[in-house]
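Q: Residue strings, one per chain:
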Amino acid sequence: MSLWNEALAWLLDPVTYTGEGSIPQRFAQHIAITLGVLAVAAVIALPIGVLIGHRRSGGGVVVVLAGAARAIPTLGLLTLLGLGIGIGLGAPVVALVILAIPPLLTGAYSGIGSTDPATIDAARAIGLSEWQIVRSVELPLAAPIIVGGLRSATLQVVATATLAAYTADAGLGRFIFAGLKTRDYGELIGGSVLVIALALVLDACFALALRVLNRRSHAPSSTARSEERSI
Amino acid sequence: MKWLTQNIGTVVDLLLAHLALAVPAIVLSLLIAVPLGRIAQGQKWLRGPALAAVGVLYAIPSLPLFILVPSIFGTGLRSPATAVIVLTVYGVAVMIRSAADAFGAVPESSLAAAVAVGYSPWTRFWGVELPIAVPVLIAGLRVVSVSTVSLATIGSLTGISSLGTLFTDGFQRGIVAEVVTGLALTVVVAVVLDLVLAGLGRALTPWTRSSQTGRA
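Chains as they are written, first to last, in my numbering: chain A, 11 to 241; chain B, 579 to 794.
Keep in mind that a hint or two might mislead.
[Stated by the list, open to error] Which stretches of chain B does chain A cover? Using the computed rule of at least three CB atoms under 8 Å from a CB of chain A, they are:
hint, stretch
1, 644–655
2, 720–728
3, 731–740
4, 752–761
Quick caveat, the hints were computed from the structure, so don't treat them as lab data.
Note that CB positions come from ideal geometry on N, CA and C, so glycine has one too.
Model the full structure from these sequences, guided by the hints.
A: Encoded structure:
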């Protein structure tokens with residue numbers, strides 16, 4: 011239990027909250043890396059996913075690519091890019107973008123692609139253009155699944171941004187690597203607790219957002235929909 | 579290639595060490611998740627909370643878990659047992675959902691028929707439910723297997739030997755060939771285990787092929 015006391019002492023020590031490499035600074039870096047990576051990955055993945063979902067072809071390629079991406083070890087990608095690009099934020103950011111694309115792409119593709127064809131035909135019949143169908147029919151209906159993909163991507167990026175500290179002086183992972191090197195168990199465990207807390211809080215936010223989205227998109231015909239799903 | 583031929587002994591050792599972490603974790607995930615998934619599926623009120631709880635487990639980042647597990651279980655920071663526990667936690671988190679889905683997809687009529695011809699709950703589980711659940715269980719286990727093989731490399735950061743050691747060592751010494759070897763081998767291990775599980779799934783469910791071969 012003394013290890014946990016050390017961690018608690020580290021977490022409560024005012025010194026760790028001020029100056030260079032303080033908890034607030036590392037925290038801000040971690041969040042900034044996560045948001046930046048997600049923004050870049052979303053700009054790349056979402057339009058492609060929506061296009062594939064809307065055209066209803068090429069989905070097989072997405073599934074295969076997403077499956078293959080899962081087999082690639084993050085640390086290997088990170089160290090390889092680190093050797094190629096050099097020490098700094100470049101390598102982890104590129105590695106994280108590559109990691110975040112598959113879940114975003116899969117979410118957008120499967121969300122848009124799962125729209126009921128009858129609904130799309132109806133929209134087409136009343137004169138909506140293809141773009142209008144995407145924007146005001148498919149995207150709203152697919153929102154929960156797309157946000158689900160964003161949730162997986164976010165959790166993966168937040169967790170893996172910890173590894174960014176292996177090749178760059180940034181993020182909450184710094185505490186873990188510094189603690190490992192100096193055998194400072196307070197910093198090591200305290201830093202780990204911070205990363206886990208951040209991930210769980212983000213996950214809870216997404217769970218809440220999804221609940222709201224689901225309620226909204228299912229409100230008009232919730233009974234019919236839930237019956238459909240149980241088959 | 580030159581690096582690989584000069585260091586083949588080390589690479590084989592790390593490959594074996596990697597398998598010694600991943601394979602027990604995959605097997606343990608299955609053994610723990612199947613009964614829990616079956617129980618969660620059987621008790622309707624339990625299903626939601628149980629799946630939410632394992633969802634939280636899955637949200638925990640891996641490197642911090644490699645550090646917290648030793649302080650909770652008393653295993654060493656560099657001990658292979660730590661890696662097996664961490665990998666099993668994630669494996670169970672994924673596998674319980676698959677197991678609950680697998681048992682949930684067993685047709686009510688099959689269960690009723692089994693009861694009607696005199697199966698007890700215990701023999702019905704082994705003789706009817708489990709065989710019918712095999713395809714979905716195998717699908718879930720393949721997901722677990724791929725992610726376990728990939729995740730096992732993270733342990734190298736805290737000093738647990740695996741193919742990931744090729745990443746950390748290669749990075750620190752600036753040897754690109756070493757990192758590439760680690761990447762390639764990790765993917766190969768994942769693919770081979772995936773093929774083994776797919777084959778196992780087919781071998782366990784001969785009836786799914788009977789209509790094609792004309793035996794039915």
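Q: Can you list which hints this structure breaks, lowest number first?
A: No hint contradicted; all consistent.
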